Amino acid sequence: MIGPDLVRTRKRKGTLCLPAMSPDARERARALAEQVLAVIGGCLGQTRSVVEEELSGLESTPQEKKLLSALKKLALDDSAFDGNAALDAPGLRREVFSRAALARQALDPGAHFDRNAVISEVAAELNLTPEALESGLYSDLRSAERLLKAPSYDAEGLLVRHARAEVQAVLLCSVRVVALVRCASAEQYRALFHKLKFRQLMFQLSAEAGGGYRIEIDGPYSLFESVTKYGLELALLLPALESCDSVTLNADLRWGKKREVLKFELELGRAGAFEPTPPRDEIKNLLDAFAEVANWRAEPAQEVLDLPGIGLCVPDLCFSHRQTGEQVLCEVLGFWNRDAVWRRVELVEKGLATKIVFVVSARLRVSEEVLGDAESAALYVYKGSINAKALERKLDTLVQPGRRAKVKRS
Amino acid sequence: MTAVQLRFVAGTLELRGTLPEGVALSGLATWDARSRCHRAPALAYAEIVRALHRAGVTYEDEARGYVELERGLCVHREPRPFQKEALTAWREAKGRGVVVLPTGAGKSHVAVLAIDDKRRSALVVAPTLDLVRQWYDLLRTSFATEVGIVGGGSYELLPLTVTTYDSACLHMDHFGARFGLVIFDECHHLPGPSYALSAELCLAPYRLGLSATPERSDGQEQQLSRLIGPVVYRKDIVELTGPYLAEYETVRVEVDLSPEERAEYELERGIYLDFVRSQGIRMGSARGWNDFIMRSARSAAGQRAMRAYRRQRELSLGAKAKLDYIERLLEAHRGEKALVFTQDNATAYAISKRFLIPIITHQTKVKERSEILERFADGRYRAIATSKVLNEGVDVPDASVAIVISGSGSVREHVQRLGRILRRKGDKFATLYELVSRKTGEVFTSERRREHAAYGGGAP
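Just so you know, the protein sequences line up as chains E and F, in that order. In terms of this note's numbering, the first sequence has 37 at position 53, counting the first letter as 1, and numbering is strictly consecutive. In short: position in the second sequence from 1, add 22, done, that's this note's numbering.
Hint data in this document are derived by calculation from the structure and do not stem from the laboratory. Some hints could be false.
If you anchor each label on the Cβ, the simulated ranges turn out as follows [what the hints assert, rightly or not]: (1) E:Arg349 to F:His384: 39 to 45 Å; (2) F:Arg76 to E:Gly240: 40 to 46 Å; (3) E:Gln384 to F:Arg76: 47 to 53 Å.
With a Cα cut of at most 20 Å, we get these calculated DMTMM-like pairs of lysine to aspartate or glutamate [said to hold, decoys possible]: (4) F:Lys387 to E:Glu129; (5) F:Lys389 to E:Asp72; (6) E:Lys241 to F:Asp240; (7) F:Lys387 to E:Asp72; (8) F:Lys359 to F:Asp346; (9) E:Lys242 to F:Asp313; (10) E:Lys242 to F:Asp240; (11) F:Lys375 to E:Asp98; (12) E:Lys181 to F:Asp54; (13) F:Lys375 to E:Glu79; (14) F:Lys375 to E:Glu118; (15) E:Lys(-3) to E:Asp236; (16) F:Lys342 to F:Glu276; (17) F:Lys342 to F:Asp366; (18) E:Lys49 to F:Asp313; (19) F:Lys447 to F:Glu100; (20) E:Lys247 to E:Glu217; (21) E:Lys241 to F:Glu243; (22) E:Lys242 to F:Glu243; (23) F:Lys387 to E:Asp66; (24) F:Lys359 to E:Asp92; (25) F:Lys375 to E:Glu105; (26) F:Lys375 to E:Glu129; (27) E:Lys50 to F:Asp313; (28) E:Lys241 to F:Asp188; (29) E:Lys(-5) to F:Asp313; (30) E:Lys133 to E:Glu38.
This one's a predicted model, so the numbers in the text were calculated from it and none came from an experiment. Even glycine gets a Cβ: it sits at the ideal position worked out from N, Cα and C.
Just chain E, with the same shape it has in the complex (with noise of 0.2 Å):
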């Protein structure tokens, strides 16, 4: 990631732009990340200090500056160093400076002290030459550390790196966002919603009446004043919303250091083929249960429930019963937000038809009994892991009949 001091800005009408380039300034920009990647591979075995000072002499244009510093930087942290391992720097730093506040202690009075008598007394203590020694003492420094690895990508690789380096260093400064998002699977949007509930940020749902969602996004105490504290977490977020298959983006920002209000709106859209994210270990570990169940058969869900003006929830797994073919979906929860349970009480007591269980961590305090009239939903609430038997139970109940739609709040 790069800082927003490295981001190439231009501002209008109270709005912050990433200027695109134009195909010479693409080409001149491809030609610098050539220069640094040659840089960088030429340098191999060398101290991040050599490296570092190869690549300050790369030249460039005022204009160019900030798109070289950054090429750099990315360029360097996606780079492998390793640290001098092969001497205690520490160790000899220990013995040399003792050895030297002895030294100046005992001094006669006008007499001067010898530095190059200690470094040798203590070489030969050692079995160091002078030098090996002198070279020795601070090799432990970062500015010491030797490169081991280039950058495996070329200019191009490096150059798309930096364009969403440069959306990220703008998020950083956001304090809130607003996404519209479409993806053409559920599997997309539960991707998306898993990482916003990963992210710990707060958001809003409403679909939107062309389809997709609208999304906004920030954090708790973005109630009382607008901190760009949840910055990071929207930054990470954006390689999720890449994947989506469109995005429009809004940001408010909070730009510079005199942390200017400004506006920031970006158009995503996913360039490749989407690739699922693995199930999480608890959503994998119930479809291995599962498949020994004799009456009920799990897969990842596809579906979005949406309660137009109340809001959605994207379950993980639908249950179909191997006779009836009856389908029960079902969203785990976990431990990590009470308030999430009760807004899916809310949904089912303001309609949500399509029967659903719940999964929730007993350490969320929450009473089955919440839901234990609800026709169609149900909340499972387990100590410490999610018990497939108890499970199978509650789906066997919402496929029993006569079930009142009924929800009782403690």
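Knowing the structure of chain E, use the given hints to seat chain F on it.
Below, chain F alone, put in the same frame as chain E:
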């Protein structure tokens, strides 16, 4: 029946349930449509609880995560009169306020007394890892209990925990409910958008700020009143010198650049000044530096001027004659312990390498820092080179000589550096040497940073 539930969520307080008729928390909590509850910054916890009490509202407090300490102080040291006065003043301000005492006067003992007084889980927030280590040792010894550390690769939360401002900023939304008392050491760091948030996200009803110099160049020290409490007690360096702090003198030594250095200095300074004049930039004005940065980035001549500025500064701050003079001072004070301060790490490393004295910078790992300070304390090391990490708070009781090779124009930094050698021990006499390159821009920088009563200059 419980009318209201209070919960701590990510540095905020959620209030769920229905408030009885006539009870309003306006100004304290706001309706949050996202989660359909009232929400307040954790900072408002004490006020909200008081408001609910006053109104006779029954509430279930799931927010408070702090505990009473099992034991109080195990080592009882008679506080000095001014420390007693400071504690009394803080207590009278309902346990919320800032105590201003000069470096070396024993601010941390006031904090220890405050923890003992309130006997609640306490979090100490300090600016550097060196100070975290020092607080860790002090609390462990004073309360004879294990102490947690968050920061520098550790994450252990205990009823007594020490952390850095950076870690507090990152993690307060997770652990902000677990402490009843929060102590902000060197609290002048707190105002500012990022660090201030750590005080907002903490629900500790008791708050203590410690500083020798709460004033900030941006005037943001007024925020301390809201985030911690008002200044409840203040004593300045000149009031405590003698009985409680070591007597001292400050010596400014002007050195000449070598002929080669002078020639290069004049050349580079000329390039820098020509650019500044050609652009009409007034470096003495409030916007001068920002103008220079912006305009220097726009042209090749500007970039050259920036390089020239850096080089002439490097020449004046790191003049060869200064380094030669260090040798003389180290030999003259060979029976004493000395701290050598620089503006930048490169010079500190150059000094360490040339004089073979240990160095502490931000790159020095905690274990080696501890070892260096331990060896310095027991006399095996007689000098330490450092850039800025020892500026604040670190307790080096025996150090009596400070050699400032270079520094910024900050009055606070210069006073803090002096403070490092003022802790009283026997009839110790402290000396601060400030080495300045004659006829360079550094002379003005030096004059700016000496504008404090401690240097016979301006206001304390």
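List in ascending order the numbers of the hints, as given earlier, that are violated by the structure. none
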